[in-house]
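A.B. asks: One-letter residues, chain by chain:
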Amino acid sequence: MELSAFPLKRKRVHETYGAGSTGFAAVVCAGLHGPVIWITEGWKSERLYPVGFGAFADPARLLVAEAQGPDDVLAVAEEALRDGAAPMVVMEITRPLGLTAGRRLQLAAETGRTTGLCLISEDMGSNAAETRWHCTPKADPTPLMDSTLMRWELKKNKKGTLGAWDVRWQHTTGRLAVVSASRE
Amino acid sequence: MFDGSTRRVVSLWFPRLASDRILRARPVSGPFAVTLRQSNSDRLHCLNHVAERMGLSRGMSLADARVFCPDLITRPAELSHDLRFLSTLRRWATRYCPWVGHEGEDGLVLDVTGATHLMGGEMAMLADMRMRLVRAGISVRIGLADTRGAAFALAHFGEGVAHAGQMLDGIGELPVAALRLPEATVVGLERLGLRKIRDLASSPRAPLTRRFGPEVLLRLDQALGHYPEQISPEAEPPHYGVRMTMPDPIGLTDDVMAATERLLRQLCDKLKAQEMGARVLALTLRRVDQGSQQVELRLASAMRDASRILPLFARGVAEVDAGFGIDQMRLEVVRVEPLPVQQIGQRNSERKEALDDLITRIGNRIGLENILRFLPADSHIPERGFITAPAAYSRPEPFPALTRPRPLRMFPPELIHAPAERTPPRHFRWRRMPLRTLHAIGPERIAPEWWMADEAWSTGIRDYWRIETSQGRRLWMFHTPQNPGWFVQGEFP
Chain A
1 MELSAFPLKR
11 KRVHETYGAG
21 STGFAAVVCA
31 GLHGPVIWIT
41 EGWKSERLYP
51 VGFGAFADPA
61 RLLVAEAQGP
71 DDVLAVAEEA
81 LRDGAAPMVV
91 MEITRPLGLT
101 AGRRLQLAAE
111 TGRTTGLCLI
121 SEDMGSNAAE
131 TRWHCTPKAD
141 PTPLMDSTLM
151 RWELKKNKKG
161 TLGAWDVRWQ
171 HTTGRLAVVS
181 ASRE
Chain B
1 MFDGSTRRVV
11 SLWFPRLASD
21 RILRARPVSG
31 PFAVTLRQSN
41 SDRLHCLNHV
51 AERMGLSRGM
61 SLADARVFCP
71 DLITRPAELS
81 HDLRFLSTLR
91 RWATRYCPWV
101 GHEGEDGLVL
111 DVTGATHLMG
121 GEMAMLADMR
131 MRLVRAGISV
141 RIGLADTRGA
151 AFALAHFGEG
161 VAHAGQMLDG
171 IGELPVAALR
181 LPEATVVGLE
191 RLGLRKIRDL
201 ASSPRAPLTR
211 RFGPEVLLRL
221 DQALGHYPEQ
231 ISPEAEPPHY
241 GVRMTMPDPI
251 GLTDDVMAAT
261 ERLLRQLCDK
271 LKAQEMGARV
281 LALTLRRVDQ
291 GSQQVELRLA
301 SAMRDASRIL
311 PLFARGVAEV
321 DAGFGIDQMR
331 LEVVRVEPLP
341 VQQIGQRNSE
351 RKEALDDLIT
361 RIGNRIGLEN
371 ILRFLPADSH
381 IPERGFITAP
391 AAYSRPEPFP
401 ALTRPRPLRM
411 FPPELIHAPA
421 ERTPPRHFRW
431 RRMPLRTLHA
441 IGPERIAPEW
451 WMADEAWSTG
461 IRDYWRIETS
471 QGRRLWMFHT
481 PQNPGWFVQG
491 EFP
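Chains as they are written, first to last, in my numbering: chain A, 1 to 184; chain B, 1 to 493.
Chain A with its partners taken away, still in its complex shape (with noise of 0.2 Å):
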């Protein structure tokens, strides 16, 4: 069984949200080799756990950027995907992207051969995005201490089909599993 857009397609920049956003965005780094440029804004009190994060990647690939405010986080995730020197950007959005936002970080992806990633809120997503994901944690019947059971929904995938899938994250080996793909 396949995930029908994922890996995310490269040179793009993708949507999440819902509770599991942060276990998606993870996921995805852990499939890409290098560093990956994580933008936050420096307020927040809920923060990304370095350590927890060891469970998908290495956290010494991580670099946060914490920005002042959701123009510095825009700003800055363009021209991280610009340059190209990182793969894989992520960045925490609080305010709706306007069309043209998100058509400027999709052109920036392009020129830098990069992949970026949006953590949004619902119904905060911009009409440019590539493809965007409902995540959210699922209870698992048989709970195994290195796996992590998780439902992502395509919503939105402007080159293909939609879905949604049931995916297991395996800690130790390190790789995903579609347990089922399930229709709505």
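Misleading hints may appear alongside valid ones.
[Unchecked claim] Below are the BS3-like pairs computed for lysine-lysine, each with C-alpha atoms no more than 27 Å apart in a straight line:
(1) Lys352(B) with Lys9(A)
(2) Lys11(A) with Lys352(B)
(3) Lys11(A) with Lys159(A)
[As the list claims (entries may be wrong)] Just a sample of chain A residues kept apart from chain B, beta carbon distances all over 10 Å, derived:
(4) Glu2
(5) Leu3
(6) Lys9
(7) Arg10
(8) Lys11
(9) Gly98
(10) Leu99
(11) Met124
(12) Gly125
(13) His134
(14) Lys155
(15) Lys158
(16) Ala164
(17) Arg175
[Stated by the list, open to error] Now the stretches of chain B that chain A is said to cover, found in silico as 3 or more residues with beta-carbon under 8 Å:
(18) 353–359
(19) 382–393
(20) 435–445
No wet-lab data here; the hints were simulated from the structure. Glycine included, each C-beta is placed from N, C-alpha and C at the ideal position.
Add chain B to chain A, keeping to what the hints say.
C.D. replies: Then chain B, alone, in the frame of chain A:
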């Protein structure tokens, strides 16, 4: 005129360097002393005239000094500042001759051979030195002789001029201590009745060397000019600054960047020759109307590659208001770091350079200290299991493998209303969501680190649980048995 055979050396001794330096900035009329902490007690390091006249002396303990002189004003010594002050004086002294070196911690030695006639003769030069130093509030004692040793002896023990070729007449009456000998040797010589330098010069040489070692006669010969002694001038520290004056004012961004490139190339050549790299650069743009604007560039790593640094200036230069035009530019390295030559051709280094450039560019927008890297830390406390460090000033370190479940997101503990039991609650509300516990894995007990005062851990030990709810959310909760309560501190993916 200089006849090519004899040297003339001036020795300047600043007996009150430390106190003069402080008193220049804030004059005090009464007794004043600089104290230095030596083996657990404050001792007088340097004092002014008034304090000396009241019976105080160097090396006296501060408590004793206060008894003699209750209204003594003191300041702690700053040896590094004194050294810098002496370097400033050394630079000033190059107005008399180019050959100036340090003599100990409070003196200078000048080789004025062939330079005295420029100031109107030896005596005129000494008078000029004294006049300028006294006017600046620095007490000085000057000796002039043919050799460094004799000049030192005169400066410290007699103040005067020894005429050319007559060293023994000039310093013969001075005590043997003037020869820069260790104290034990001086005491030994005095015990033998050799109190003056003339006595020492006329006594047989072989027994002296056998008794006191070769140093006594070496110093004597150096002072009398039988044995050479060199003066090493201090090299000026390299200055990393270049400037350019335009015949006509410029205003276009491209023009300014082109001029910056020229300056940068000159600067980088200099940095390369010295094996140094720039960390912080400042570009000052002087406008026609005398206003000036500065573009500061902080780099993520030390660099000296002009073609890499130039694009990083683009953002700063674009923001400059050129007004009626810019006619003077100055580029200076504010902070240099050693950057040894490295082997090129490794694939990884190119990638690292690209990342450093990116960090610099982002850092110029949001501040270089806001780009952080995680480094592992040795602590069981979850909040202290890592440290964040600015990426520009740290190297990545691998984290140890994860052995226990740890959340991906962490936040300050949030209290939930639940019965104060040791087992996790079956139902609870968190962030206005009703949740039901499906599985609870734990407890993992973590005790506070008693050697570190931490307000957040004042509630004592914590029992951490991984709670899986039937709604899907996986929370990291803890219970504080010593202070019953349930808190949510993190969330698993």
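A.B. asks: Confirm or reject each hint.
C.D. replies: Going through the hints against the structure:
1. Lys352(B) with Lys9(A): 25 Å, holds
2. Lys11(A) with Lys352(B): Given that 27 Å is the threshold and the Cα spacing comes to 21 Å, the pair holds.
3. Lys11(A) with Lys159(A): Roughly 14 Å between the alpha carbons, so the hint for lysine 11(A) and lysine 159(A) holds.
4. Glu2: 22 Å, holds
5. Leu3: 17 Å, holds
6. Lys9: 22 Å, holds
7. Arg10: 17 Å, holds
8. Lys11: 17 Å, holds
9. Gly98: 20 Å, holds
10. Leu99: Non-interface label stands for leucine 99(A): nearest chain B Cβ at 23 Å, farther than 10 Å.
11. Met124: 18 Å, holds
12. Gly125: For glycine 125(A), whose nearest Cβ neighbour in chain B is about 21 Å away, the distance exceeds 10 Å, so it holds.
13. His134: Nearest chain B Cβ is 12 Å from histidine 134(A), so the label holds.
14. Lys155: Given that every Cβ of chain B is farther than 10 Å from that of lysine 155(A), nearest at about 17 Å, it holds.
15. Lys158: 26 Å, holds
16. Ala164: Per Cβ check, alanine 164(A) is outside 10 Å of chain B; nearest 14 Å; holds.
17. Arg175: The claim holds: arginine 175(A) sits with its nearest Cβ about 15 Å from chain B, beyond 10 Å.
18. 353–359: With 5 residues closer than 8 Å to chain A, the segment 353–359 of chain B meets the three-residue bar; holds.
19. 382–393: Coverage by chain A holds for the segment 382–393 of chain B (5 residues, Cβ < 8 Å).
20. 435–445: holds (count 3)
Violated hints for the displayed structure: none, as all numbered hints are satisfied.
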